[in-house]
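J.: Letter by letter, the chains look like this.
There are 4 protein chains.
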Amino acid sequence: MQMEDELASIGAVMGASWAGRKAMTATSGPGFSLMQETIGWGFMTETPCVVVDVQRAGPGTGQATKSAQGDVMQARWGTHGDYAAIVLSPNSAQEMFEFTIRAFNLSERYRTPVVLLADETIAHVRERVNVPRGESLEIVNRRHPDPRDTRFFGSEAVAPMPAVGEGFNVAVTASTHDEVGMRFTQGAPVHRRMIEALNAKIYSHASDIMETERHNIENCDVGIVSFGCTSRSVYEAAERAETAGVRVGYVRLKTIWPFPEDAISVLAKSANRIIVPEMNLGQTSGEVERITGRKVVRLNKIGGGELITPEEILEVVMRAS
Amino acid sequence: MQMEDELASIGAVMGASWAGRKAMTATSGPGFSLMQETIGWGFMTETPCVVVDVQRAGPGTGQATKSAQGDVMQARWGTHGDYAAIVLSPNSAQEMFEFTIRAFNLSERYRTPVVLLADETIAHVRERVNVPRGESLEIVNRRHPDPRDTRFFGSEAVAPMPAVGEGFNVAVTASTHDEVGMRFTQGAPVHRRMIEALNAKIYSHASDIMETERHNIENCDVGIVSFGCTSRSVYEAAERAETAGVRVGYVRLKTIWPFPEDAISVLAKSANRIIVPEMNLGQTSGEVERITGRKVVRLNKIGGGELITPEEILEVVMRAS
Amino acid sequence: MQMEDELASIGAVMGASWAGRKAMTATSGPGFSLMQETIGWGFMTETPCVVVDVQRAGPGTGQATKSAQGDVMQARWGTHGDYAAIVLSPNSAQEMFEFTIRAFNLSERYRTPVVLLADETIAHVRERVNVPRGESLEIVNRRHPDPRDTRFFGSEAVAPMPAVGEGFNVAVTASTHDEVGMRFTQGAPVHRRMIEALNAKIYSHASDIMETERHNIENCDVGIVSFGCTSRSVYEAAERAETAGVRVGYVRLKTIWPFPEDAISVLAKSANRIIVPEMNLGQTSGEVERITGRKVVRLNKIGGGELITPEEILEVVMRAS
Amino acid sequence: MQMEDELASIGAVMGASWAGRKAMTATSGPGFSLMQETIGWGFMTETPCVVVDVQRAGPGTGQATKSAQGDVMQARWGTHGDYAAIVLSPNSAQEMFEFTIRAFNLSERYRTPVVLLADETIAHVRERVNVPRGESLEIVNRRHPDPRDTRFFGSEAVAPMPAVGEGFNVAVTASTHDEVGMRFTQGAPVHRRMIEALNAKIYSHASDIMETERHNIENCDVGIVSFGCTSRSVYEAAERAETAGVRVGYVRLKTIWPFPEDAISVLAKSANRIIVPEMNLGQTSGEVERITGRKVVRLNKIGGGELITPEEILEVVMRAS
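Chains as they are written, first to last, in the numbering used here: chain A, 912 to 1232; chain B, 912 to 1232; chain C, 912 to 1232; chain D, 912 to 1232.
Rather than coming from a laboratory, the hints here were simulated on the basis of the structure. Any given hint might turn out to be false.
Just so you know, same-sequence chains aren't split out, so a pair can sit in one copy or run between any two.
[As the list claims (entries may be wrong)] Here are the simulated DSSO-like pairs of lysine-lysine, each with C-alpha atoms no more than 27 Å apart in a straight line:
| id | residue 1 | residue 2 |
| --- | --- | --- |
| 1 | 1180 | 933 |
| 2 | 1212 | 933 |
| 3 | 1165 | 1180 |
| 4 | 1165 | 1206 |
Just so you know, these numbers come straight off a predicted model, no measurement behind them.
Make a model of the complete structure from these sequences and hints.
T.: This is how it looks when you write it as structure tokens:
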């Protein structure tokens, strides 16, 4: 369905999801900003859906088809209030395919919007994709209620979800509500219980959600943290640095949010310096600094869709070693 | 002007600002989310304006008139791309008045949207306000171009701003543009230069923008970082702790973004433990941890508009000391 | 599902409908205006759905809970381009119930948005409603495609409609498209064929869609055309006029659009004068004049939700007789 | 100013207008639909502004750059409630220029949104334009209040309009309000008085607003009513018909709304048949029928931007004569 703007698109996604279907929409920065209120609606109503944000150079309309990685923090904090975001970051055409399925699986399992945070480079790259036979794919579907179920919200263990029109008595509101959907806009206990449950259902399963690609993280002098298209330059830079005798370890974020703290903590124990190359003015860097408690070496590049090259990373690695 | 929704309101604000007037709109969480795209538009086009976000319990519609402090990170990261936010946090009726003027002054001086991030408690508190005589108020107006000026964008020193209809030849676009307003959506140099200038015009003046209230920050055992309504409980808790012999220092954030790193670094040098009480699940806390490189003691409370009391803070202070 | 604004609501309705469910949203004037673009989207994509517009005093926000009948022409012409509207007008609580079902039936049968145009009086009236047993209700469901069907659009006989996710290859766009959903934005033939089919599927079934309540239309001196809450005053006025010896005929519009031309033409042949009482400045009046080729007696009243009384109508009837 | 969507654009226009500037935005069908709520806001708050709708083939996205004339009725009835629309229709590049100025003049004089309803053909036609010297142009500016004025709304004689920020005490709301801007959402008298005044300020000046081009309207066998690009084919068809001995009269609508009833009534008295060629399925036709009380000969053509040719009109003229 091609809607007329992003407000209509994300609305249609929520409607389709509550009608019992899996639904997805794709956009880039400005559209992603316009969707923020409804994404919060989806978090609060526990609506499974997938939003693809193909990052391009912002802010504003910026450079419309030029690759960038500047929406990392927005994907975590773009809507108001205390919510938890699940954000995946592919770095190949193969992963665009696989992570889309994974995004749906996570959204169905945890009943929450999931963001597939691509960048223009990865979204448009032309590569061979291995599409497995249908039966070998893992497909997760939301848990359906039993006929007598009445509690459809606010469980850390993820409540079952009826479809509209099936005969369940369910009110769906982004106002604070209890487990049966009844609004409670006065008083602390219900609000506290629900918001904590909505966050806990994600954070208590963080180890299931967080995925990283790791290389030598326990045994390196220089560590690199990267994601998306930039991580492909890291592969080559690491190889060349190792050829030159520098022990490089890296964490590549397949899941950006929840932020994979454990892998990065391990890397930080081993590495003397941590380099964070990213196509923005330093967003992931701040998060790595928060976790590791020390300054990282930032390598930032923006504009025109120009990628950070292996040479640029290698140069920083060699200086840092 | 009472518009029909938040999209129209923030649009009207931008229109009025380019027509040469000072313009402001006020909203709370959901409306603030809906405004995010246009706030990015304002950053990119360097449009002075003030957005008041009176925080209430979110996410979603949440609890509509219940105080909260959950939009701190959104106020910094809510729109896409690399931008810099100026965000002020009043803690009294007097400051609601003064910071509104200050928000306008900063927006006019730096030609950028400024957020007045209140919470429901401070926005509705009933207190005596001292309104100074007009002539004693500092009022900043945007710099007006000379008749021969042609460069209206992208200066770290802040470019002059014509009003629409005055006869200047000016195109206003949130696409990447050069100093005269010409779109450049290909190529890195213009984008890099402009985005760096837009961020630098704020960060290079951070010391002018950042304001804090400080108490004993160089000479304390326990430090507290707070803002908004919560900071008023800190005053009393600190007093009572000191009476009990605990040396307490605190930083109260009058400016939240850019985040006042210097004051907090000083506090961190002196204090053994830093406590961050806030009416959310821990947003400022993360930022303090990033800057200080160590874990803080979090004191969080959400729901029903219940404030964090002096007793609750005092208890944590005594345990931490 | 309670969405955050009307743009999101109508988007969610479209999403749910293409996910295979029946979907409805309710609003009043300002929200109805905001939905106009997406209602056109629904017409063009042949999306069954129901929009309830409870008319109140406009334009703008007007008087928010005060009854009015001022959206008659907007319900027909509110979105752009050549489209056909189906609009129903209940005049009792019983009909609010029955016409809602009928609106769904018409929307499913003709695959098009249907508007239930109530007024605040009828929407809030408190009356006994007879709810028939489920099995005695006529429920129409959209025609589902056979597995080999590939033509899902643009048939005067109404094409079958797949649900998204069932495996049919279907693109849904409000750009001009052919019977299989392929976009054709150049050239006249496809556009002409499709737009004519979309209009014809409604107008060629107008006799199935148009419903009126008729009284003495072939045998009267004075005719009255009315709808909604106003028609209830007509009942009493007609009775009293007849008691006074005036032969009164009336047409009550249960369907407003397509406009029931035949019934009104019959009335016009018999009646010397036609009176059109309505709570607006004269919208239905114009249409009656267009059809009958003569001026009608207008009886208009707006503001404060004040109804047109039987006495007011009676007075006009007596003067006209 | 290039805003991110039509909601933002029309909002910015209203903001700029209340900031004291003349403001305009341009769009086509889908954007025009999206603007409908705010256009009603502008009518109710008496905000001078100009909206250009360049008609293309709808409904929905339709055929995006293909000429059409399908928004005639929407331009009159697109928003809710009882309002009066001023809509101009140019038929040359020269008139695009002149009518834009005229649209501003009318909007300033009557404090109301004015629609310049072009079609894609006229908006993109390449013709010599005669731009007169500035001093010879008639430029109307809104009436400014005297310092002691307090009544800024709801006068049939058009109230003076302050700019925001000048120090006048003025509330601007699209809710029903009285002459000083005070909201009155209960009770009939204020609503009735204001809505009648807002409509009367336009209809009582209809003779100043309505403009037509007339040819032989008192002395013809066949009459033609047309507007926009179609009227250019009428010129040639009329000439050729007259050469063939058929007396042709025509009215070309320079103002479409308020609909020029007088000119058309005169034409109808003289002509035996009235032909209405238009690039839609028959919108103006209905209005001509309403006024003249008889059926017209409709000549409709849609799709692909194909114009109605002089030959097509000529053929209908010859058959009708």
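J.: None of the hints should be skipped; say for each whether it holds.
T.: Structure-based check of all given hints:
no., hint, in the structure
1, 1180 with 933, "neither (42 Å within a copy, 52 Å between copies)"
2, 1212 with 933, "neither (36 Å within a copy, 35 Å between copies)"
3, 1165 with 1180, "within (21 Å within a copy, 36 Å between copies)"
4, 1165 with 1206, "both (23 Å within a copy, 26 Å between copies)"
When each numbered hint is compared with the structure, violations occur for hints 1, 2.
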